[in-house]
Structure formats: C-alpha cells, structure tokens
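**Student:** All chains should be built: construct the whole structure from the sequences, respecting the hints.
So the protein sequences, as listed, match chains S and W. Just so we're aligned, residue 1 is where the first sequence starts under my numbering, counting upward by one. Just so we're aligned, residue 1001 is where the second sequence starts under my numbering, counting upward by one.
Hints listed in this document are in silico derivations from the structure and should not be mistaken for laboratory results. Take these hints with a grain of salt, some might be off.
As the list claims (entries may be wrong) - So, partial list: chain W residues that the calculated Cβ filter (under 8 angstroms) puts toward chain S:
| no. | residue |
| --- | --- |
| 1 | Gly1014 |
| 2 | Phe1020 |
| 3 | Ile1042 |
| 4 | Ala1121 |
| 5 | Met1128 |
To be verified - Okay, derived cross-link-like pairs now, DMTMM-like style, lysine to aspartate or glutamate, Cα gap no bigger than 25 angstroms in a straight line:
| no. | chain 1 | residue 1 | chain 2 | residue 2 |
| --- | --- | --- | --- | --- |
| 6 | W | Lys1159 | S | Asp119 |
| 7 | S | Lys91 | W | Asp1082 |
| 8 | W | Lys1159 | S | Glu99 |
| 9 | W | Lys1029 | S | Glu117 |
| 10 | S | Lys91 | W | Glu1182 |
| 11 | W | Lys1029 | W | Glu1069 |
| 12 | S | Lys91 | W | Asp1147 |
| 13 | S | Lys91 | S | Asp119 |
| 14 | S | Lys91 | W | Glu1155 |
| 15 | W | Lys1146 | S | Glu271 |
| 16 | S | Lys91 | W | Asp1187 |
| 17 | W | Lys1159 | W | Asp1181 |
| 18 | S | Lys166 | W | Asp1030 |
| 19 | W | Lys1146 | S | Glu117 |
| 20 | S | Lys91 | W | Asp1181 |
| 21 | W | Lys1159 | W | Glu1112 |
Don't be surprised by glycine CBs; every beta carbon is placed ideally from N, CA and C.
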Amino acid sequence: MTIDAHGTHRAEGAAEAKTAGQDTDELVPAAEAHAAHVLDAAAESQADISAEIAAIGEAYRRELKDGAAPETQPRLDFAPYRSSLLRHPTKSLHHADPETIELYSPAFGHQDVHALEADLTIQHNGEPLGERIIVAGKVLDGDGRPVAGQLVEIWQANAAGRYVHKRDQHPAPLDPNFTGVGRCITGPDGSYRFTTIKPGAYPWKNHLNAWRPAHIHFSMFGTDFTQRIVTQMYFPGDQLFPLDPIYQSIVDQDARDRLVASYDHDLTEPEWALGYRWDIILTGSKRTWTENEAFGDAGDDEE
Amino acid sequence: MSTLSPTRLTPTPGQTVGPFYGYALPFAKDSELLAPGSPGSIRLQGTVYDGAGNPVPDAILEIWQPDAEGNIVQRTGSLVRDGYTFTGWGRGAVGNTGIFTFTTVNPGPTSEGAAPFISVAVFARGLMNRLFTRIYLPENEEALAKDPLLSSLPEERRKTLIARRDPDGGLTWDVRLQGTDETVFLDFQGSSTETGAYR
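**Tutor:** Right under this line is the structure:
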C-alpha cells in the first residue's frame, strides 16, 4: 500500500467518490481488487477514510461540548461509507405518531422456528471449523420490559471470513459444515441464545485495504413495528473498530459500545464453547400496555 | 397515542443490513401474504431507486398491514406459510432491477372513515439504518384528506406515500431513497437524540 502516493491524490479521489459512489461497490470480487491495488491510483486508502472519520468525530465532540444531546443511532449520511452516498434521505425524517398497525408487531411462534435453528453448528453432517461460541442475551424494550415470543434472526461469515452468498467472492474457504444462518424465538424473559462459530474479519471494497471487524448480523422485532431493528454485534477488543466506516457511522462512543458483546465466563461451557453476552434494547413501546402483553402470548406451543 | 412513557434505557443502534442478507433473510413464500391468484389477492409492486435515479439491486422490504376488513392480525405462521392464514406481514427482496413484488390484500380501514395504509420498513446495503414509511391506497380521497400524517405534508411530498392503482387491481408504489421525489420516511421517536442522528 502506498499511502504517500495516494496522499497527493487525496482530495481529488475523495471528490470523485462523492459524486460516483456507485463505483465503490463492495460486491465487486475482492480477488480482483487485490490485483488492482497497485494500478488503481485513484482508489482511496485507509488513511483517507480514517481522516474523514476523525474529522466527523471531532466535529461531533465539539457539538457535545457545546451542549448537543448525544446521538444514539448511526448517521444515515456518513460519507466514509461510500455506498451510503446515494442511499440516504437528504430530507429530514418526518415525525409521525405511530398509529394502529404500527403499534403492533407481527406474531411469530414455535410454529415458525424450530428449536434447532438456534444452533448453527449442527446444520450439516460434521462440525464446522473455528472457535465454537455461545451468544446469548435479552431483548428488552426501552422501558426494560422483556420482549417475549419474538423472532430473532442472525447471519454471519464463517471462521475464515467468508459468507455462503454467491456474491461473496473473498478467496477464503467455504466451510461445508457451516451456513451461518440462525433463528430463535425469545423466551418469556426476552432471552435468546445461539450456538455458533466466531466469524472471521473480511475484506470489502469501500477503499483500499478495507476490512470489516468480525460481526454477526442481528434482526429483531419488538412489540410495536416501530421497534424493528437490524444491526450488527461485534466482539470486544477488535483492532479494526477505529478503521471501519460502518461501525464508525455511529459517531458517539457510548452508542458504538452498545454493539459490542461482553465475554462472559459464566456463559462459557467447559470443554465446549466460549460465551459472549449481548443485550439488545429496542426503542420504547408507544402502546398502552397490559400485564399480559408484558409477558407475551407466544405460548402457542409452550414446551 | 399520547401516553408516552419516558424511555429509560437507551436503544441499541441499528446498522446496515449489508450486502449478504440474501441467503439469510428471504424464505419460501416470504412475499406472498396470500397465494397469488387467490380471491381478493392483489399484486403490490414497485422499484427502489437511489439518489441518481438508478434502481437499487440490494434492498429488502417488509410490509405489515391489517387484513381486508381492517383487523390487525396476531397470528403466527409467517415464516412457514400454510397457504390459508393471513398473517399481515411479509418480506420481499428486490431483484437485480430493483423491483419488489408482494402478493397481499388491500388493507381495510382500522376504524370507521380512516385511510387504510400498509406499514413499510426498508433495508438496503449502503443504508445505515432501516427506514419506515407507509403505503396508502389511492381511493377514498375524503379519508386521505383527513389523515393526520398526510395532512401534515405538502402536496409534493404527500404523493410519495400514495400508491397508484394498476389496471389489474394491483398497487404500484416506488421507494426513492434520495432526491427531488424522495419518499417521506418517518421518525416515530421524535426525540432530539434520534433525529439529530439523521442529518
């Protein structure tokens, strides 16, 4: 990597990417990008992206110091993630009071999800390669109420950092014993639990030498459709955090930290798997609650 | 609803759905809330566009709606559809040309005289967090005129939430993530911390 050489093109390269965000397509096979490194003088370096991330972070910290409220969600407009350039609304989101259907969520139950879908290590004939882990926690709403009987979906790369997705051309091995997709229904206390393999970091095409920190994609429903969330869970101490424009699109450090699981030795099982704990807090429910709802009616076939 | 309880815990941030949801989130009959061709079923289709007017080939939508009589359904079985139970929820990924298709019913009004709508969540690679919006049926202009959300919007923005009725009885409604005809996306939290994040 030649940061110095890129440095002279930095301003120009950044401007180009801002008008032609489509060009930085992370779906382009990483293998080709690797060969193109040497030739592609216009491509931006990690130093370029890191400088942009740092500038946004500094501006945010000044606003905080001037009394601005801390941000809790990612910026939709976050230029260091190039694919966001043409895909974020430029008008303010319109404030609306949730009404009728929005105050309810679709119902899922054990009819929808088999109990074994929570174990990503038993979906094939053999044991997947990599570090076996348990990821568990609770789904709570903004008032701390457990979200019971709701669907949690996860998907992830394998231990080598490869997704079972036809568009992932990262030349890391696929694992015939690992697909990387799991589902479960939360228990009465909002708890979920998956057994899986620790995913690997992987390269992508946002800029030269871009690597995503290891993560598991999570999708959750609350009791109101307005609580719907898709996010990513990360692992503690990842050295790629400061370099990753997706993680850094959440400009507030406390907010970013909420996506990082904790290692939990009480969750670790002897001779078997390491445990990570991660709780998810949804936005507050806007519905008027009854005691029954707070504990869920998911028991369409309670075991 | 005005009985908002103060949120005590800070919500977990969202993140982009990324490029690789395609082998995880879709499932059999995910976008068929009813079997295509069954009585009362309609096609709901549209295209997701980016700020340059190009179709977005890696977006996935969810719809959540009342049944044709305006009842909010609380039935399980969306992920393993039996072909008969209307659950009110569906998921549909766009194809290579940015087009999504659902088979559903026209939602009914949830109360007398209310404008029926479908609630929508939009996810895409490059989109940092899901976006919420609504699809209103184009008929019953009186109800549309009285609708609290629509009446709070200027005409040129209001129309982005109203579907077109197709000759075959279906609905067409497009998503424009950015630009002149940008779809109205909704913020249900209304807190400065949340809206501040979306500039």
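**Student:** So, for every hint listed, does it hold in this structure?
**Tutor:** Hints and how they fare:
A least Cβ separation of about 5 angstroms between W:Gly1014 and chain S falls short of the 8 angstroms threshold, and the interface hint therefore holds. Of the supplied interface hints, the one on W:Phe1020 holds, with its beta-carbon coming within about 4 angstroms of a beta-carbon of chain S, less than 8 angstroms. The restraint placing W:Ile1042 at the interface with chain S is violated, with a minimum CB-CB distance near 17 angstroms, outside the 8 angstroms limit. For W:Ala1121, the shortest C-beta to C-beta distance to chain S is roughly 5 angstroms, which falls under 8 angstroms, so the interface hint holds.
The criterion of a C-beta within 8 angstroms of any C-beta in chain S is met by W:Met1128, whose closest approach is roughly 4 angstroms, and the hint holds. Of the pairs offered as hints, the one joining W:Lys1159 and S:Asp119 is violated, with about 46 angstroms between alpha carbons and a cut-off of 25 angstroms exceeded. Between the alpha carbons of S:Lys91 and W:Asp1082 the distance comes to roughly 41 angstroms, so the proposed pair goes past 25 angstroms and is violated. A distance of roughly 19 angstroms separates the Cα atoms of W:Lys1159 and S:Glu99; the hinted pair therefore holds under the 25 angstroms criterion.
With a C-alpha separation of about 19 angstroms, the suggested pair W:Lys1029 and S:Glu117 falls inside the 25 angstroms cut-off, and the hint holds. Straight-line distance between C-alpha atoms of S:Lys91 and W:Glu1182 comes to about 8 angstroms, which keeps the hinted pair within the 25 angstroms bound. Between W:Lys1029 and W:Glu1069 the CA atoms are separated by roughly 23 angstroms; this keeps the pair inside 25 angstroms, and the hint holds. Among the hinted pairs, S:Lys91 with W:Asp1147 is consistent with the structure: their alpha-carbon atoms are about 21 angstroms apart, no more than 25 angstroms.
Taken as a hint, the S:Lys91 and S:Asp119 pair is broken in the structure, with Cα atoms around 42 angstroms apart against an allowance of 25 angstroms. For the given pair, S:Lys91 sits about 15 angstroms from W:Glu1155 by alpha-carbon distance, which is consistent with the 25 angstroms threshold. Restraint check: the Cα-Cα separation between W:Lys1146 and S:Glu271 comes to about 64 angstroms, which exceeds 25 angstroms; the hinted pair is violated. For the hint linking S:Lys91 to W:Asp1187, the alpha-carbon distance of about 12 angstroms falls within 25 angstroms, and the restraint holds.
Restraint check for W:Lys1159 and W:Asp1181: satisfied, since their Cα atoms lie roughly 9 angstroms apart, inside the 25 angstroms limit. Taking the CA atoms of S:Lys166 and W:Asp1030, the gap is about 20 angstroms. The hint holds against a cut of 25 angstroms. For the proposed pair W:Lys1146 and S:Glu117, the alpha carbon gap of about 46 angstroms is over 25 angstroms, so the pair is violated. Of the supplied pair hints, the one linking S:Lys91 and W:Asp1181 holds, its CA atoms being roughly 10 angstroms apart against a limit of 25 angstroms.
Restraint check: the Cα-Cα separation between W:Lys1159 and W:Glu1112 comes to about 23 angstroms, which is no more than 25 angstroms; the hinted pair holds.
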